[in-house]
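Peer 1: Required output: the full structure, derived from the provided sequences and hints.
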Amino acid sequence: MITDATRTRFAKEVAKYPAEQKQSAVMACLAIVQQEQGFVSGESEKLVAEVLGMAPIAVHEVTTFYNMYNQQPLGRFKFNVCTNLPCQLRDGQQALDHLCHRLGVEEGGTTADGLFTVQKSECLGACADAPVMLVNDRQMVSFMSNARLDELVETLKAAKP
Numbered sequence: 405m406i407t408d409a410t411r412t413r414f415a416k417e418v419a420k421y422p423a424e425q426k427q428s429a430v431m432a433c434l435a436i437v438q439q440e441q442g443f444v445s446g447e448s449e450k451l452v453a454e455v456l457g458m459a460p461i462a463v464h465e466v467t468t469f470y471n472m473y474n475q476q477p478l479g480r481f482k483f484n485v486c487t488n489l490p491c492q493l494r495d496g497q498q499a500l501d502h503l504c505h506r507l508g509v510e511e512g513g514t515t516a517d518g519l520f521t522v523q524k525s526e527c528l529g530a531c532a533d534a535p536v537m538l539v540n541d542r543q544m545v546s547f548m549s550n551a552r553l554d555e556l557v558e559t560l561k562a563a564k565p
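So for the sequence shown, my numbering puts the first residue at 405; every next one is plus one.
Think of the hints as simulated: they come from the structure by calculation, not from any bench.
Not one of these hints is a red herring.
Derived Cβ-Cβ restraints for the label pairs, each shown as a range:
no., residue 1, residue 2, range
1, CYS527, LEU560, 15 to 25 Å
2, ASN550, GLY518, 16 to 26 Å
3, GLU511, CYS531, 13 to 23 Å
C-beta: ideal position from N, C-alpha, C; glycine also.
Peer 2: The structure is reproduced here in structure tokens:
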């Protein structure tokens, strides 16, 4: 179900576009759903489609195209590690492997305590700072050596919910 508060947030995003182009708010509406629920479920996609007058498959295509939309519940902290060529040349895969080993998960997995999810990512646009990682789709972390990765994990573990 979508709450009245969520519908109000949707309406605010839809109002930014001409009435015949309200589908342009799809990314913003999906982001709202994810902020409120932690991920975008199939049911949420259908509700967004209904609000925007879109086919549900069109909303699903947006959800699955962008890696910023979580399609299942993830850990409190999501690590997207760039493994594209510039980062690969500067140990991007090694950074991903180190995080997975350190946290005891496979790529794409979530720790048993629900704290961390580790995923590979395509280019994050900070090639000069490689290897790079995006935390919770918001914070870019650069020059990720094993020591820096370990420090980040410990800092986030200590953070209060």
